[in-house]
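Chains A and B, in that order, give the protein sequences.
Going by our numbering, the letters in the first sequence line up with residues 1 to 272, in that order.
Going by our numbering, the letters in the second sequence line up with residues 1 to 431, in that order.
No wet-lab data here; the hints were simulated from the structure.
Model, not experiment: these values are computed from the prediction.
Built from N, CA and C at the ideal position, the CB exists for glycine as well.
Hints may be right or wrong, so weigh each one.
[Stated by the list, open to error] Here are some of the chain A residues that sit facing chain B, going by a computed Cβ distance under 10 Å:
#	residue
1	Glu25
2	Ala28
3	Arg29
4	Thr222
5	Arg239
[Stated by the list, open to error] A short list of chain A residues far from chain B (calculated; beta carbon distances all over 12 Å):
#	residue
6	Ser40
7	Val42
8	Pro111
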Amino acid sequence: MLRLYNNLKDLYKYRVLIQNLVSRELKARYRGTVLGFLWSFVNPFLLMVIYTIVFGLIIGPKDPAFGDSPWKYALYLFCGVLPWTWFAASSIESANVLMVQGNLIKKVMFPVEILPVVVVISNFVHFIFGIPILLIFVPFLGKQYTLFLLFLPVVILVQFVFSLGFSFLVSSLTVHFRDIKDILTNMLTFWFFATPIIYTETLLTERNSKILDLWMNLNPMTHIMRGYQNSVFFGEMIRWKKLGITFLVSVVFLFIGYYVFDKLRDSFPEEV
Amino acid sequence: MAAITVQNVTRIYQKYSSRHRFKTFKSALIKRDFFKSLKPDELVTALKEVSFKVEEGTAFGVIGENGSGKSTLLKIVTGIVKPTSGTITVNGKVSALIELGAGFHPEITGRENVYINGIMLGLSKREINEKFDEIVRFAELEEFIEAPVKTYSSGMYMRLGFSIAINVNPDVLLVDEVLSVGDASFVPKCLDRINDFRRRKKTILFVSHDLASVRKICDKVIWLKEGVIQTIGEPNRVVDAYLQDVADKQEEDFEKRIRQQETVQEDKYDENRRENRWGKREIEIKKSVTKNLDGIEKHVFSPRDGMIIEMEVEAYSEIKDFAFGIGIFNSQGICCYGTNTILEELEPAFISGKGQVTFKIDRLNLVNGTYYLDVAVHKRDGYPFDYHRNLYSFLVSSHEKGTGIFLPDHSWKFSSNIRVKRTGEKLDLER
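Chain A with its partners taken away, still in its complex shape (with noise of 0.2 Å):
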């Protein structure tokens, strides 16, 4: 468990490193694109229209809590889509990224764990990108500024710590069994689905179905998406003891996941 400890602690000795890698990827993602890094924005922004359109205005929101509102069910959305993607893509590019980088883990004294990291951060930055995005839109889609966006890093905290524990896991897992790319991919769709973002809470709830329910406080991602739409939609007080437990459940998770990429860390020049 110290050891754990320490090896986390020798990531702060390699933020250098991290910090360059990052740029890195963010600079090669855009290199060569005519918007560069106006993509950060447009991407995010172009995701919510489509979101609009098909679920605002055709399908058309039924919940109470956007009073028939498209536009604020556009907003709805995005809260919980913007950071979504954010988990998302890190989680796949982590199952990959132990491949992809394997000159680096082959052919060099690297450490190899902050590639996971590196691939949640970079995905970091373009998650922070949106943001202003979705905060520009809360007037304009009719709603308002609370005192609780305040609480908005509170809930990235946790997510952060959430994704991380994630992509250690998967990262190392891959390199053995490649089936699981495949698998994540699917499990991601329907973790999506099966996560209140697309759809409020209270639709399930008033279901008083108790496997819903418990699933529903099973699912980390339900009290982190519950956190952006208190915070920025709803203007409540996020959930204290919820996200409470969430965060220590992360911490928990991010432990068992750099133990399991720490315990097979030996394996990947051999099998990357």
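Please arrange chain B on chain A, whose structure you already have, making use of the hints.
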């Protein structure tokens, strides 16, 4: 003090990749043979109980055939791969010239890659700032440093990688076969840099197939064969022993190949054989072999060796008009030499029954390559009794590098205002 200490290091690899493991993973579910993947025949021992010490300030060479465990050894010293058993200690900062530019990202510029690669190799940003110009200058990439790395040629890529790695200024430098990509002007520069390291009493572990460089750079050499240390010691001695082993192996392979060819030929239809052998065989060449001057059957020769071609012949009646001929062809079908008894004014008198004909070459004087032999017995006017076309072959192999066909005995001489040095000599002795 020892810079690198390797003790009883063994490294075992799984023979098959994860794909195979998947098969066993699946079959493990279906057939429940969980332990099948642990069977010893699926393991490969890349290194077996290897122990040696590299003293500080020495250049240590590692030679051996492909797959003898050289690279695995280097990776273990670097720390990329963990030994299955045994220990390894390295004193000081290590820099490995294993895969140059392994961490380069193709989309970003050379400049950005220098920084990231430098940080990966353990430099701080300030150190890179200080060394940046030197790195670029050494790589000869001043004009291209702002271009994305994907536009670089493989030589430019490698030069930049080398330049960064060498500027890390390590105590222990590991070099693995990296100089093969460089052009004629860059390789000497690299070797100079490596020699510079030696002069400053840093430690070098040098893995290479370029035996001339090994002779030039190293103080001590180890020869790995199938993961086991074969010899360890003075470079010239070890390199020579290795070359002898390679020659022996070539002979073995060649013999095997010829034996296979023979069996194939026996299986062939007469039609095919007619192309390579013709004549009514009133006199038959029953067998033809190549031997060295000691009379031992051989197929691999050095250019300075002599060769004996021995034919067993049988005439089924007494014949008075006959001639024996020999032709040597290289792999392009060019006749290197051809002669027969008539041309050499050996008038036939008679032949009957079984006998032997020997053709002795005092010195082959041929350049490296595969050669094919024609042997024939025919009438004075050319009517063939038995003609074997390119049925036999031999290999000339040596580390002499001249081209052409003919390798004359030769030497160079220079007047006193011209100075040259032999590749095998160490650069230190030069000035």
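Hint check results:
This hint holds: A:Glu25 has a C-beta 8 Å from the nearest C-beta of chain B, less than the 10 Å allowed. Hint status for A:Ala28 relative to chain B: holds, with the closest Cβ pair at about 4 Å, below 10 Å. The criterion of a C-beta within 10 Å of any C-beta in chain B is met by A:Arg29, whose closest approach is roughly 8 Å, and the hint holds. Checking A:Thr222 against chain B by beta carbon gives a least distance of about 33 Å; that is not within 10 Å, so the hint is violated.
Because the beta carbon of A:Arg239 sits about 42 Å from the nearest beta carbon in chain B, more than 10 Å, this interface hint is broken. Look at A:Ser40: its CB is around 16 Å from the nearest CB on chain B, clear of 12 Å, so calling it non-interface holds up. At roughly 20 Å from the closest C-beta of chain B, the C-beta of A:Val42 stays outside 12 Å, upholding its exclusion from the interface. Remark: the non-interface label on A:Pro111 conflicts with the geometry, its nearest Cβ contact in chain B lying 9 Å away (cut-off 12 Å).
Hints 4, 5, 8 from the earlier list are contradicted by this structure; the remaining hints agree with it.
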